[in-house]
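**Q** Chain residues, written in single-letter form:
2 protein chains.
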Amino acid sequence: MRGVIMHGPGDVRVEEREHPVIVEPTDAIIKLAASCICGSDLWPYRGADEVDGAPMGHEYVGVVTEIGDAVTTVKPGDFVVGSFMASDNTCEICRAGYQSRCVHVVPMGRVGTQAEYARIPLADGTLVATPGQPDEDLIPSLLAASDVLGTGWFAAVAAEAGPGRTVAVVGDGAVGLLGILAAKQLGAERIIAMSRHADRQELARRFGATDIVDERGDAGVERVKELTDGLGAHSVIEAVGTQESMMQAIRSTRHGGHVGFVGVSHDVELPGGELFGSMVHLHGGPAPVRRFLPELIQLIWDRKIDPGVVFDLTLPLAEAAEGYRAMDERRATKVLLTV
Amino acid sequence: MRGVIMHGPGDVRVEEREHPVIVEPTDAIIKLAASCICGSDLWPYRGADEVDGAPMGHEYVGVVTEIGDAVTTVKPGDFVVGSFMASDNTCEICRAGYQSRCVHVVPMGRVGTQAEYARIPLADGTLVATPGQPDEDLIPSLLAASDVLGTGWFAAVAAEAGPGRTVAVVGDGAVGLLGILAAKQLGAERIIAMSRHADRQELARRFGATDIVDERGDAGVERVKELTDGLGAHSVIEAVGTQESMMQAIRSTRHGGHVGFVGVSHDVELPGGELFGSMVHLHGGPAPVRRFLPELIQLIWDRKIDPGVVFDLTLPLAEAAEGYRAMDERRATKVLLTV
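Line by line, the protein sequences are chains Y and V.
Counting from 1, one number per residue, gives the positions in the first sequence under UniProt numbering.
Counting from 1, one number per residue, gives the positions in the second sequence under UniProt numbering.
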């Protein structure tokens, strides 16, 4: 079967890989219906993380083709959505809602789902079957649930977005945009999108943003304060992962407010004294997408949300390298790969 | 009147100061019944913070002697307890429970309550009268409510201590010890005190600690994990404020757990990547003691808690310098100054 391998920064190739087989009795094999390229895939692509011949991809939807002897909740023929972190969903950490830190967690990045088939470990705890075979037009949204929507949703939950709250969103990539959608669904009263790209501002408004701030850094913080009686937002979603974006998020939050941070941290050092003085709540990390999947799938199935519109470029798997280039050059927000 | 002035590191003197007068109509003047020395007063005493002729002290209980025209909730003769941060208790931040970050906050350290009298700004929002004149033996506990108890209590609340939870406490000073008392009152199932001093271990057990860990740093983290099925504590109270203690707290917390940090941060830099991976909730800062005062005063009045036992040395105000020395040299955990 064919799959994406990253040989080094900027060097992505679609190559022949071995067809996955059941290794553990808890495994399932799926034939992918679609996969995609994640903002976090750009870190190694740009040389910020080391990479050397790694299979790529951790977002996936598809049809189960084979299951191990111990798998009971999905069966061949089921259309499934899974998280980018495989989890048993039964350990104490999973039961507390932190499946991305399951005691038996398997990061799907090691598996590589930018491919025709993939082995999904811990299938019962990782995969959720849709109510039936989805209409073709639902596939992008279901794929979004696998990571970007689940991550934006977690960020909004971690930031305690909800009725009566003003939510600010730092980062206008797919995760930030879907954080806006999540905040809206969770009932936020006002949503401030921080973005300087016209196309993303438009999507932000479509998802529920009520205000757009195009300043960044301290100037962006000032604008958020001006919009919130000088206090700052109740809830701030951080979806970038840099020192600047983290500080912008913390400083845009009112005392006692909540920061939900999901941008993968790169060279971030948080000053303890400022954090102490800010009195914000800080919570984030790799989203426990599995916690939210049943709810998100239902919302998509019922056509109440349309997160798939974040995919603004669709390419066949064979053209994955062009997809990486388009995202790296910001010609695309999020690339869907058809398989 | 007499009051404590710190002229420089290690140089504390009791001197004649001007008798405080009503400046704003929202002020009250109190005659102190007792004051005390805070662990945070040791930072400038040891040269870690700059100081040059500053009045000292921010913890206080006493009797109202005079009120400004706008004060309505306390009157001369009332015995009152106040927070170390004066607050209006009416702004949006106060109403959310963050009185220590009130939009009109006045840190009481500027006032200096290691003295015979003190001017309390924003008296209505800051002071809480006791149900009557307290018995003498209740005064140390009421004084503790003003800062160390209120701070330990906030740390336990921020760490979400409660039924079914295992709470670990980093720091065995007065705040850490009262964090144990708070966790117990909040219903924690198991409380792990991290302490290597026999006398403090004893007090920790008296307040409700079920386990004592005398290892520090990584070894301490390992012990907490051993005691919690390898997962870490649900809730961790940090009551020191150093890089080591913060990392010990974060690493002792299970994924998805809560760190409540109240040790005043000194040269702390939190690594973003580790925080991201840990998935802990982080919340802390200067405790909004005013939020908890009514409840804490009632618990003390009803003799349900006895936080005053953390004072292990009582001196007259005139001997404040000896009090500082005793705390600096760890001969005393917490010094009460009679006025």
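Simulated from the structure, these hints should not be mistaken for laboratory data.
Among these hints, one or two may not hold up.
The following label-pair restraints were derived from C-beta to C-beta distances [said to hold, decoys possible]:
no., chain 1, residue 1, chain 2, residue 2, range
1, Y, Ala-54, V, His-104, 21 to 31 angstroms
2, Y, Gly-277, V, Val-23, 51 to 61 angstroms
3, V, Glu-189, Y, His-266, 49 to 59 angstroms
4, Y, Pro-131, V, Lys-304, 52 to 62 angstroms
5, Y, Glu-215, V, Asp-137, 34 to 44 angstroms
6, V, Gly-162, Y, Glu-24, 30 to 40 angstroms
7, Y, His-266, V, Arg-325, 40 to 50 angstroms
8, Y, Glu-24, V, Glu-189, 31 to 41 angstroms
Built from N, CA and C at the ideal position, the CB exists for glycine as well.
**Q** I'd like to know which numbered hints this structure contradicts. Please list them from smallest to largest.
**A** Result: hints 1, 2, 3, 5 break, sorted rising.
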